[in-house]
Structure formats: structure tokens, C-alpha cells
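From first to last, the protein sequence lines are chains H and P.
Take 1 as the starting number for the first sequence in this note's numbering and just add one per residue.
Take 1 as the starting number for the second sequence in this note's numbering and just add one per residue.
Derived from the structure by calculation, the hints contain no laboratory data.
By construction, the Cβ of each residue, glycine as well, lies at the ideal position given by its N, Cα and C atoms.
Warning: the hint list may mix true and false statements.
[Claimed, not checked] The calculated label-pair distances, taken between Cβ atoms and stated as ranges, are:
#1 H:Lys59 to P:Thr63: 35 to 45 Å
#2 P:Asp37 to H:Ala54: 47 to 57 Å
#3 H:Gly52 to P:Gly188: 22 to 32 Å
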Amino acid sequence: MPTVDVRGLSCPAPLIKTKQAISQAVAGTPIQVVGDGEIPLGNLKNYLTELGIAFKEMKVDNQEWVLSFVTGAGSETPAVERTRAEDFCHLAPAKAEEASGRYVVAVSSLCMGRGDERLGALLLKAFLNVLPELEDLPQAICFYNEGVKLACQDSPVLESLRTLQEKGVSLVVCGTCVEFYGLQEQLAAGKISNMYHIATLLSRSFKVIYP
Amino acid sequence: MEFDLLSVCQTGGCSAKLPAGLLDSLLSDIPLLHHPDILVDIATHDDAGVYRLNDTTALIVTTDFFPPLCSSARTFGRIAACNALSDVYAMGGKPLLTLNLSMFPAEGIPLEVLHDILLGGQEMVNEAGAFTMGGHTIVDAVPKYGLAVVGMVEPDRLVSNAAARAGDVLVLTKALGAGVLLAAHRLGLADEDTYRAALDQMCVLNAKGAEVMRKYGIRCATDITGFGLMGHACKMAAASGKQLRIHTGLLPVFPEVLSLLHAGCVPGAAFRNLEFAKPHLRVEPGVSLEAKMLCADAQTSGGLLMCVDAASVQAAVRDLKAGGYPCAAVVGQVSEGDGIVLD
Chain H
1 MPTVDVRGLS CPAPLIKTKQ AISQAVAGTP IQVVGDGEIP LGNLKNYLTE LGIAFKEMKV
61 DNQEWVLSFV TGAGSETPAV ERTRAEDFCH LAPAKAEEAS GRYVVAVSSL CMGRGDERLG
121 ALLLKAFLNV LPELEDLPQA ICFYNEGVKL ACQDSPVLES LRTLQEKGVS LVVCGTCVEF
181 YGLQEQLAAG KISNMYHIAT LLSRSFKVIY P
Chain P
1 MEFDLLSVCQ TGGCSAKLPA GLLDSLLSDI PLLHHPDILV DIATHDDAGV YRLNDTTALI
61 VTTDFFPPLC SSARTFGRIA ACNALSDVYA MGGKPLLTLN LSMFPAEGIP LEVLHDILLG
121 GQEMVNEAGA FTMGGHTIVD AVPKYGLAVV GMVEPDRLVS NAAARAGDVL VLTKALGAGV
181 LLAAHRLGLA DEDTYRAALD QMCVLNAKGA EVMRKYGIRC ATDITGFGLM GHACKMAAAS
241 GKQLRIHTGL LPVFPEVLSL LHAGCVPGAA FRNLEFAKPH LRVEPGVSLE AKMLCADAQT
301 SGGLLMCVDA ASVQAAVRDL KAGGYPCAAV VGQVSEGDGI VLD
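Could you build all of it, start to finish, from the sequences and the hints given here?
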């Protein structure tokens, strides 16, 4: 059983060492953390709770304690990729402008271009499937009006959307539209949001692509 | 060689605050006198107290001091003073008079260090255009420094945390993640440039932010310090009787902070703040743990969280960016209801 020794460390070092062990272990591995002091113990318990990991606590003596737990499938949050730091802040504006992947894609229908609907649907499907392969990924994709259907069950592009999400692209789905089409129960990718968020994304992005 | 102030303390800056919840219960049975001219007292957990002298002038009083959060004495002095002055700006006022509050050991640390702390503090007070009237120094093992500040504001221009209106747009003027970077720096995990940028941001007065509030008639704001965005937003929601929704995807944040949080670099103060906010907090599915903990991260000398009329928000953000807050951003909105929602 991997043992993490965090004795004598002050926060947040015990959390970092524990997280490292969790990240390196395959799911289902039992891990125990040995430490001392009430503050690191409290913080570590809070942290494991936030990570969704159930733990057992054992007091060795007045000072020392052991926390044991099993790494689970749900313990690793893929979140950081979704929110890359450089997407937020222009500390060095010139540098930020050069950064790739800061454009936004707006999907407002089931069609790409105007003309035959079946052709349009094929094109949009191809577009969204090819997007994850691009070197410059968008910062976000906004789905609104009939476009929200592409983020719901039975959408032909779900797999690509999930890949995009894993690669850090946020999928923003218009809540009003989902409600309008009665798809609340069927959302399969992305995050419901409101027009404020969508309008902000569209207005703040230096480039918006309407496929 | 310069003395390393970080070698003498464990928690510095605003994260050294007593947990908000503890303070609440502790103060509940201590009797306070009331007066009709007291415009703001601790009842609304605002940034400072305000007392109306007459129809044109109200006094703002506030104090803040804490142990060192960085190695350099002068930088610590600057940050502590900037942080203390900030409360006056958060009320829409202008600092007028200050007193130095300091604690310093009689032996063990060279006295020049105290000199440098006071020098740094004075630089900030001078920049604010306020006058130092004196101070008080107590012998204590761990150095501490800060100010008591008296500011002025016209009563009808007073900015409080109790005036949020449904439909207002939330604007945050400085990047978040300073607490994470300070903790990471102690462990040698922070990139030097990013850490520098965080310290630099802590030395930026909220004076220009207050000017922008004046220009656009903004009446509700608070400065983000030890209780984190989450804690201060909670207090604002409660004081205003409204709901604050924060779009975590829009939050300005220093580079690296989210990956540090992901790696487990979560300062203890963030858990305390989360604990405090929890009863009033709803986190929508899909919000990452990192984003949530970023909202709970204790800031020192953080930015202003303002409630801005939707019609003027664009211009206000533009002015803020031009006025020395390049990270200023729209981060959410106010609606009817209570508590805060992260999405």
C-alpha cells in the first residue's frame, strides 16, 4: 500500500503530496497518509471530501494521525484543462494576443451554410468532428437556438464534443433554448448557461466563427 | 543581506484572519451603542464603518494589519498599507488620515527591517494623498503591520455592500489567486514572474476603482480580501438581500493558479472560507473544484467587486482597464433571491 508521509510539513504541502500520490495511483489503489498536527489533518480531510474521496481516520497518538482511503474513478477531476489560466487574464496583453485558441464558435442551427438541409447537417457534423483535430482549438463553443440539439442525446457529434471538452474547450449551452425545445433531461455535453454568459463570450472573443 | 521576513511567520497577509464564522458568534453578545448618524456599522459586515458628520461629509473609519506575507520588508509595508487603505476606497471614499499600527520584536530581527516596513507603508499612504498622524508600536515576536485609516465621503455618494440591485452586473477589478501563489511560493512551486506579478498587484491602490465608481454612480461594492471572493460575495448578498451569480469561467486569475490548485496547493484559508460560505452557496454541476477553491482563495489587498448598472458596465470596465486594472472583468450578475451561485 503506498504510504504518503507528510509529517512535519505545513499546509498546503501535505495536500500536494497526497494529490500527487492519488494522481499516480491507478483507480482502486488503497493509500494511507501519515501526518501530524491538527491543521494539516483538518485541511486534508476537507480536501479529500471536496475530491469526493471517502476516508478513514486513525489517531496514532496526540500528534500523529493516519488517513486511509481508496482512490476511486471519480477522484480525479479533469477540470484544469477546461480553465486554462491564460484564457482569463491579460497580464501581458501583447503575449496574450499571440496565444492561439482564443476564438469562439457559435452553433445556432443544425446546418452549416444555407441550401439543402441534409447537406447542411452533414457539413456541420463534419465541421464539429474535425474541430478537435485542429491545431488552434476554440476557447469555447456556444450552442443556441436549434444548435443546442447537437449537445443532447442522439447528437451525431457527441464524441467529438467530449473530446473537445477534455482538451479544454468549454461548451456553453443556452438554457432558454434547451427549455424551449424541452430537452432538459437530454443534455449530454457541455454546461447550461445564460445569454449573459454567451453574449460575454461572443463579445469578448477576438474572433467568432459561425459555421 | 536583506532579512527574510517569511522566516518568522507561518501565515501572513489576510489569510491570518480569524475565521469569519468564529468572529460572528463571538461578537453576537457584545453590546454596541447605536446612533442615527452611523450609516454603516458591523451589522452588514461591510469594509468599514461610516459616520455622518453633516449633510455633505461622512467619516469612514477602518483598520487592517497582519503578519508578513513576503520576504521584503518594504514590499510587506506597501502591501499592508495598500490593503488597509482599500477599505476606504471600497466605501467610495478618499483616505484622509492614517495611523501606523506595528508590532515588532525587541531583539532577533534588525530594527532596519521595521524602518523598511514603515517606509514601504508611507510610500503607499503618500501615493493615496493621506496624512500620517502617528502610530503605535508594541513588542511582539512576530512582526505585524497595518494602518488605521480615516477617510471621507459625501453621504449621498457612499458605496456599501448592501445596495446590490437585481439586474446589476458584477465586475471584479483584480485577478484572483494571490493566496495560492503566496502558499506556492513558500513551497518553491510558484513561478518567480507570476509571484512578482501577484505582489505588484497587491501594491495597486483601489483609488482608481473608487474614481470609476464615482463616475458611473456605482453604489454597491466591496473589496476582496481575507474571506475570498466567495466570502465577500456572501456578505454582499446577505447585506443586500439579493442573489449573486458568479460565472467562474469569466474570473480573472493569475497564470498557473488553476494548475497549482489542481495539484493540491490549496491554502488552509480557502477551506475556512468555503466552510463559512457553504450554507449560502450553490455550486452548479460542471464547476471544477479548482474554480470553486479559487473563489474561496483568501486575497490580500485584492480588487473591488462592484455592482454595475448593465447600461454602463462596458464603459466602466473599459475605464478600469485603462486605469491600471488590466484584469478587470465582468464576472457575474445580481438577481432576486439569496446566497451565491457559482456556475
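Each hint tested on the structure:
{"no.": "1", "hint": "H:Lys59 to P:Thr63: 35 to 45 Å", "in the structure": "40 Å, holds"}
{"no.": "2", "hint": "P:Asp37 to H:Ala54: 47 to 57 Å", "in the structure": "55 Å, holds"}
{"no.": "3", "hint": "H:Gly52 to P:Gly188: 22 to 32 Å", "in the structure": "29 Å, holds"}
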